[in-house]
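Participant: Please work from the sequences and hints to get the whole structure.
In order, the protein sequence lines correspond to chains P and U.
For the first sequence, the numbering used here assigns the number 876 to the initial residue and increments by one for each residue that follows.
For the second sequence, the numbering used here assigns the number 876 to the initial residue and increments by one for each residue that follows.
Treat the hints loosely; a few may be bogus.
Intra- or inter-copy, both count: the list cannot distinguish identical chains.
[Said to hold, decoys possible] Here are the simulated lysine to any residue pairs, SDA-like style, with alpha carbons at most 20 Å apart:
| no. | residue 1 | residue 2 |
| --- | --- | --- |
| 1 | Lys-896 | Arg-955 |
| 2 | Lys-896 | Glu-1037 |
| 3 | Lys-896 | Leu-1005 |
| 4 | Lys-1091 | Ala-975 |
| 5 | Lys-957 | Asp-901 |
| 6 | Lys-972 | Val-954 |
| 7 | Lys-972 | Leu-1052 |
| 8 | Lys-972 | Ala-1053 |
| 9 | Lys-957 | Ile-918 |
| 10 | Lys-972 | Arg-1056 |
| 11 | Lys-896 | Gly-959 |
| 12 | Lys-972 | Asp-1011 |
| 13 | Lys-896 | Lys-957 |
| 14 | Lys-972 | Gly-950 |
| 15 | Lys-1091 | Ala-997 |
The hints are simulated quantities; they were obtained by calculation from the structure and are not laboratory data.
There are 2 protein chains.
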Amino acid sequence: MTMDAMLFASLAADAAPEPAKVSAVDRLVEQVREMVRERGLVIGDALPTERDLGEQFQAGRNTVREALQVLKAYGIVEVRPKVGAVLSDRHEEAVRKLFAFQNDISPASFMDVQGYRRIVEAGIGDHIILHATPADLDHLDEVNARILVNQGVDEAARCDFEFHEALVTLAGNRTLLANYRLLQPVITQIMRVGKATRPVQIDTFEVHAQIINALKSRDRVAYTYLISRHLEYGLQFVGTESDRGARSG
Amino acid sequence: MTMDAMLFASLAADAAPEPAKVSAVDRLVEQVREMVRERGLVIGDALPTERDLGEQFQAGRNTVREALQVLKAYGIVEVRPKVGAVLSDRHEEAVRKLFAFQNDISPASFMDVQGYRRIVEAGIGDHIILHATPADLDHLDEVNARILVNQGVDEAARCDFEFHEALVTLAGNRTLLANYRLLQPVITQIMRVGKATRPVQIDTFEVHAQIINALKSRDRVAYTYLISRHLEYGLQFVGTESDRGARSG
DNA sequence: ATGCCATACTTGGTCCAACAAATAAGGGCC
DNA sequence: GGCCCTTATTTGTTGGACCAAGTATGGCAT
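Facilitator: Structure below.
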């Protein structure tokens, strides 16, 4: 067996150590997924009707519906009334939503998430400085500029997140980016809190600009210092009754 | 509104911009979750029977069952015949499973995941060196020792992962740890591939031991060098037809 | 022939009734 | 008292029914 063949081995296989005792619903979920694979269906393609699926797989319609609810929870299908179930691209969104469940926000998780961001965003400095093109850094400027033109707290928080997302994107690592995006709801909420108490858009913009300049001058030390300070800034206000507000990330 | 109050604001609220057209199933999912919160139910507590839930929330049993399937997919409840639905601690597992089949493994993702690990595991060196107690580092030795006593490929891969998991745990960041654990299926598969071609348990053990020693001597540079080399080692074999195997992480 | 509209059909949403299977609980037997 | 068996309850699964809302069809007017 070659490396490649082994790498392509299914990950799902090892997650099924119990071959017996599989419910009809679980069986249907797998059968539908298999059908999607076999027929090479893509996003937007429609599945057979619930009644057809029931007949094809020898199951009642209610059982089919329970399976479809599972697939819907997974973000694999989206079912529109009177139209049918169509393959969906909401999978990542479903993962994000599910992940956010367990991360209910609190002062503790505020600090925790900021600590995570510091590790990640500081850790990618080297790679960005070595590999980012001038066009990449100009793009950061563009994204950063959007923070100034939006006035609402929600809009500003979204733009703020997009800047940091663009930064992480420059690390060129899909896994890291996917993990970072998982935290989007939590991070955005943190940013909203910081921006709600008083307008800090201009401050945020300027700090971001300094960070970009450090990257443009390929100054590792300055980047690490600036990003760490930027992300640590709000921590001093958390866990207190102060309403001075935290400067968001 | 104080900082704390804002931080505790629900994250779920902003994810519902569509107030109209909510199905009975979705409504039930929320109602059950709300019931769990209000009654302060904890892991292991049982929910009312399907019929009772249907009567309480004015819904048919099939509708209740569809909602329970969703909650089951989320890993929030586990339902056993006759005993009913009980609150489950499989939520993280559900997230992991869901996250995994978006990350189908390939040589590209192999490199990508290793790159992610390098960023993370190198980035936490400073914190570990500054904050880890001698007991923490002794614990790493213990975990590392388990690699030698297990012979099977699967067992060895699991132990290998547990060492790196313990390392990440020492970073003292819950968010980071949760994200790292999300990749467990992928990482373990990578390790299995590395260990399947030839036995490298002893090599892995020794490299790990060197890493621990670097931490014990609080040597940042040595740690960063060792962990980077350790995680990059396998990359040179990936994407080729070579069967020499990759030394796993 | 073409475009519009009303009707019938299709399809998901919800609920009910029924039966099978599994299991916890209680009674009976030793 | 402890073990086994019966029983009752609950989930698992199916089929059917009805509703509401889209979709398709066919007729009608121009």
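Participant: With reference to the structure, classify each hint as holding or not holding.
Facilitator: How the hints compare with the structure:
With identical chains, the CA atoms of Lys-896 and Arg-955 are at most 20 Å apart between copies only, with a shortest distance of 11 Å across copies and 32 Å within one. For a Cα distance limit of 20 Å, the shortest separation of Lys-896 from Glu-1037 qualifies neither inside one copy, at 46 Å, nor across copies, at 30 Å. Taking identical chains as interchangeable, the C-alpha atoms of Lys-896 and Leu-1005 are never at most 20 Å apart, the minima being 54 Å within one chain and 50 Å between chains. Neither within a single protomer nor between protomers do Lys-1091 and Ala-975 lie at most 20 Å apart by alpha-carbon distance, with minima of 35 Å and 36 Å respectively.
With identical chains, the CA atoms of Lys-957 and Asp-901 are at most 20 Å apart between copies only, with a shortest distance of 18 Å across copies and 25 Å within one. Taking identical chains as interchangeable, the C-alpha atoms of Lys-972 and Val-954 lie at most 20 Å apart only when both belong to the same chain, with a minimum of 18 Å there against 22 Å between chains. In this assembly of identical chains, Lys-972 and Leu-1052 lie within 20 Å of each other by CA distance both inside one copy and across copies; the values are 16 Å within and 18 Å between. In the homo-oligomer, the alpha carbons of Lys-972 and Ala-1053 lie at most 20 Å apart both inside one protomer (13 Å) and across protomers (15 Å), since each shortest distance falls under that limit.
Within a single copy, Lys-957 and Ile-918 get their C-alpha atoms as close as 18 Å, which meets the 20 Å cut-off; across copies the closest is 39 Å, which misses it. In this assembly of identical chains, Lys-972 and Arg-1056 lie within 20 Å of each other by CA distance both inside one copy and across copies; the values are 11 Å within and 17 Å between. Taking the closest pair of Cα atoms, Lys-896 and Gly-959 come within 20 Å of each other only across two copies (16 Å); inside a single copy the shortest separation is 30 Å, beyond that limit. For a Cα distance limit of 20 Å, the shortest separation of Lys-972 from Asp-1011 qualifies neither inside one copy, at 30 Å, nor across copies, at 34 Å.
For the homomeric pair Lys-896 and Lys-957, the shortest alpha-carbon distance between copies (14 Å) is at most 20 Å, but the shortest distance inside one copy (34 Å) is not. Taking the shortest Cα distances, Lys-972 and Gly-950 sit within 20 Å of each other both inside one copy (10 Å) and across copies (13 Å). For the identical chains of this complex, Lys-1091 and Ala-997 are intra-copy neighbours only, at 16 Å inside a copy versus 24 Å across copies, given an alpha-carbon limit of 20 Å.
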